[in-house]
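Take a look at the letters that make up each chain.
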Amino acid sequence: MHHSYIDRFSRDDTPVHRLDARVKLVAVLAYTGVLVSFDRQAVSVLAPLAVAPLAMLWFARVPVRFALRRVLLLSPLIAMLCLLSPLYDRVPQPVAFGPWRFWVTGGWLTAASIAIKFTLGLLALTALTCSTPFALLLEGMRKLGVPRLLVQQLAFLYRYIFVLIDEAMRVRRGRDFRGARRAPTGHRLKAVGGMIGALFIRTLDRSERIHTAMCARGWRGESHSLNRLCFGLRDAIFLAVSVVYLIACRYLYPAMIS
Amino acid sequence: MQDVLDIENLCVTYNDGAEGLRGVSLTVKPAQRVGLIGPNGSGKTSLLLAIMRGVAFTGRITVDGIEATRRRADEVRSRCGMTFQDPDDQLFMPTLLDDAAFGPLNQGCDADEARTAAKQAIAAVALSGMEERCAHHLSGGQKRNAALATILSMNVKLLLLDEPGASLDFRSRRRLAEILSGRSEAMLLATHDLDMVAELCDRVIVMDGGAIAVDAPTDTILNDTRLLGAHGLA
Amino acid sequence: MKTTCLAMHMANELLNVPVAVATILVAAAAIALASRRSKKTLDAEKLPLMGVMGAFVFAAQMINFTLPGMPGTSGHLGGGVLLAILLGPAAAIITITSVLIVQCLVFQDGGLLALGCNVINMGVVPCLLGWVLYKGLAGRRGGHLSAWRQYLAAWAACLVAITAGAALVPVQAALAGRLTIPVTHFMAVMVGVHLIIGAIEGVITFAVVAYLRQVRPAAMGLQTPPGFVAGLSRKAVAASLVVTALLVAGVLSWFASSHPDGLEWSYMEHRYGGTETIIKPPSDAVAAVDELQSRYSPMPDYTRRAAEESAEEAVEGAWPNVDGWGSLAGVIGTVMTLMIVYALSILLKRKPAALVRDGAVV
Chain A
0 MHHSYIDRFS
10 RDDTPVHRLD
20 ARVKLVAVLA
30 YTGVLVSFDR
40 QAVSVLAPLA
50 VAPLAMLWFA
60 RVPVRFALRR
70 VLLLSPLIAM
80 LCLLSPLYDR
90 VPQPVAFGPW
100 RFWVTGGWLT
110 AASIAIKFTL
120 GLLALTALTC
130 STPFALLLEG
140 MRKLGVPRLL
150 VQQLAFLYRY
160 IFVLIDEAMR
170 VRRGRDFRGA
180 RRAPTGHRLK
190 AVGGMIGALF
200 IRTLDRSERI
210 HTAMCARGWR
220 GESHSLNRLC
230 FGLRDAIFLA
240 VSVVYLIACR
250 YLYPAMIS
Chain B
0 MQDVLDIENL
10 CVTYNDGAEG
20 LRGVSLTVKP
30 AQRVGLIGPN
40 GSGKTSLLLA
50 IMRGVAFTGR
60 ITVDGIEATR
70 RRADEVRSRC
80 GMTFQDPDDQ
90 LFMPTLLDDA
100 AFGPLNQGCD
110 ADEARTAAKQ
120 AIAAVALSGM
130 EERCAHHLSG
140 GQKRNAALAT
150 ILSMNVKLLL
160 LDEPGASLDF
170 RSRRRLAEIL
180 SGRSEAMLLA
190 THDLDMVAEL
200 CDRVIVMDGG
210 AIAVDAPTDT
220 ILNDTRLLGA
230 HGLA
Chain C
0 MKTTCLAMHM
10 ANELLNVPVA
20 VATILVAAAA
30 IALASRRSKK
40 TLDAEKLPLM
50 GVMGAFVFAA
60 QMINFTLPGM
70 PGTSGHLGGG
80 VLLAILLGPA
90 AAIITITSVL
100 IVQCLVFQDG
110 GLLALGCNVI
120 NMGVVPCLLG
130 WVLYKGLAGR
140 RGGHLSAWRQ
150 YLAAWAACLV
160 AITAGAALVP
170 VQAALAGRLT
180 IPVTHFMAVM
190 VGVHLIIGAI
200 EGVITFAVVA
210 YLRQVRPAAM
220 GLQTPPGFVA
230 GLSRKAVAAS
240 LVVTALLVAG
250 VLSWFASSHP
260 DGLEWSYMEH
270 RYGGTETIIK
280 PPSDAVAAVD
290 ELQSRYSPMP
300 DYTRRAAEES
310 AEEAVEGAWP
320 NVDGWGSLAG
330 VIGTVMTLMI
340 VYALSILLKR
350 KPAALVRDGA
360 VV
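Read top to bottom, the protein sequences are chains A, B and C.
One point on numbering: in numbering that gives the first Met the number 0, the residue at position 232 of the first sequence is 231, and numbering is uninterrupted.
One point on numbering: in numbering that gives the first Met the number 0, the residue at position 227 of the second sequence is 226, and numbering is uninterrupted.
One point on numbering: in numbering that gives the first Met the number 0, the residue at position 152 of the third sequence is 151, and numbering is uninterrupted.
Do not rely on the hints blindly, as some may be mistaken.
Stated by the list, open to error - Here are the computed lysine-lysine pairs in the BS3-like style, where the Cα-Cα straight-line distance is at most 25 Å:
1) K38(C) / K142(A)
2) K45(C) / K142(A)
3) K156(B) / K28(B)
4) K118(B) / K156(B)
Please keep in mind that the hints were generated in silico from the structure rather than gathered at the bench.
Everything numeric in this text was worked out from a predicted model, so none of it was measured.
Turn these sequences into a full structure, and let the hints steer you where they fit.
Okay, structure coming up:
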């Protein structure tokens, strides 16, 4: 599990990367809202919504395959719903697509709708996170009103997540190398309790040391930032285009095809 | 010129009652580099922490003319900077630039001044170009240099370095020594690395059991193998 | 890297905008309250360091416990209840919130709009309910906590609290009107699965509490100031017992209704023609069984079934007023737009020389 995993694409220099983090956050939030506002069986009406996330991914030079691979790690909830919907909703619906007409049960429509919404939502989120370094994302969230304390904690989480995961992996490896798999259950459980407990204590101690280091550099509880975000013409245009696009997808297009 | 550091009869007692430091007294002149050597548990780290007011102590510590009382702790801390044994404890911001700018921002600089100071410090430790990197993307040697940058940006008079070369390979240690030899700040260098001490410091303090055993020029001490042996150093 | 364990995160697709917004507001209020509360027990200076605890949660999830007798499956710690026991519910809620946000924004695990629900289902409810149950069950005799009682309290608290949080998912989805599966079935599945997950997590929590009690008992005393416990205990225990009772009753009744008795089975088998609805199905569960039945009956006639399911449905092949051309046009238009965008993105590709790519540590 390596560090390069989470920051792989966020340090590129593309038009999408250069957009203000706030604008991207708001756009993706609005997009997800629009996606979710369609009813249960909306399928073909979702088509134009596919343009935005794919376009963003392409312009940000994030391989779409990378983004789609996350879709395969389907949330068990989504998988369950997709599989069970056809079993429960057997009301047949007429479906027309171009010159083809056929009947499909409502359940299949729901399953397709869920799958498409999930994929598009995930692609949009991936476009956001892969085109924005986490530090900028945090600053954007802070400027958009997320409480300062929460943002500070997120910064610390992000910074130390791999330090602690590495510690955990090393401890786990130490356990596995000593044949833990063949131990009786009680033993194994005790080992797990010990590992997690020890990790907790070490984390507490580390927090203390970090606090000392912060105080040594003058920390008194306030937080200052370097102000990297600046809203420019490019961002305003992107925002305007997004608004128009979302309104068109939500209201104009469905009106046109029905 | 006044001393950069003046310690009188410093005593530190740990929570469990054990004595960390027993009546330590020393002075450091501006731009002087002092090596602090001694076996594990001799109190080197406690001494450095006490100067930063990181542990409770009795006695008198004066940094650059300012006495290290609770009221003036902030002033004292802005005059000296400390690097810790684990650089991960010290690099806690999302990017290197943020870490280096943390100190100046807390000292009251505005964003632009802080950014400039941070960039200069990062350049001084040969990490230019890595400002936007996150600490977990750096190698061990780079992390130690980065930790140094976080205090160099604060324009301090005294550097307190706790094992700066620990677990570094030879090349990284050389690079660190080069960087340090180019600095003009006074330095208290707590380390096991006698080569680094020989190269950088003109004066060495040997600590043992919480007290100062010897305080003499580098050559005298490092050539005295019997002395070093007596204190577990060779 | 898959960061979610077996527990199920709420998904965007089960929500509509009003419910998403409402849950986000509720979650925000809870976080605000928790922040204010944690400022009373921890120095303001140390609060940001709870983020490091969030990293601990991720790390702790890496340490797996292979289930006895089931090679290949392993259990992980979710962390909410353990953190509540060790740090108090306020700090635990905030820590879990930051974990959920990072899971969403960094690992794309869990939906943006579902964050409110997730904070409630996996943060507020497990931490608060778990802590209350733990305190109530562990008791305190003159300041001394009996070891086994403490461990069992931790286990029980996990079991109930995690299941309770999971039970909210079907409720939220039903409120949003996005369910095709009947709520009762969904609820049964969620509760059933999470009883197992909760039991396993409870076992791991129990082990951690046991270790800490031995090695660093001071860590166990990190919660609320004394005196808070005594007054809350009785009310808290009562409330949590009520919740537990409701859950148990609900689960039992749902499982009961899913098994129609023999009479209903045979009755459905003998339905002829199908144009008359013989009995209005007494419960959703029975209707579901009905559908399973009709699946196996040969050659269901679409038009006839359409008539019996809903009166408005057109009969005898008259094509309802659906125009498929709009949809086709829309899809073709989308594909064309995408092709143009793709071409543009390739044209705008810059020479990679000036870029600094992360990946290898220099």
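Now the hints, each set against the structure:
The straight-line distance between the Cα atoms of K38(C) and K142(A) is roughly 23 Å, inside the 25 Å bound, and the hint therefore holds. Under the criterion of a C-alpha separation no larger than 25 Å, the hint pairing K45(C) with K142(A) is consistent with the structure, at around 23 Å. Proximity of K156(B) to K28(B) is assessed by CA-CA distance (about 10 Å); at most 25 Å being required, the pair is judged to hold. For the hint pairing K118(B) with K156(B), the CA-to-CA distance comes to about 19 Å; that is within 25 Å, so the pair holds.
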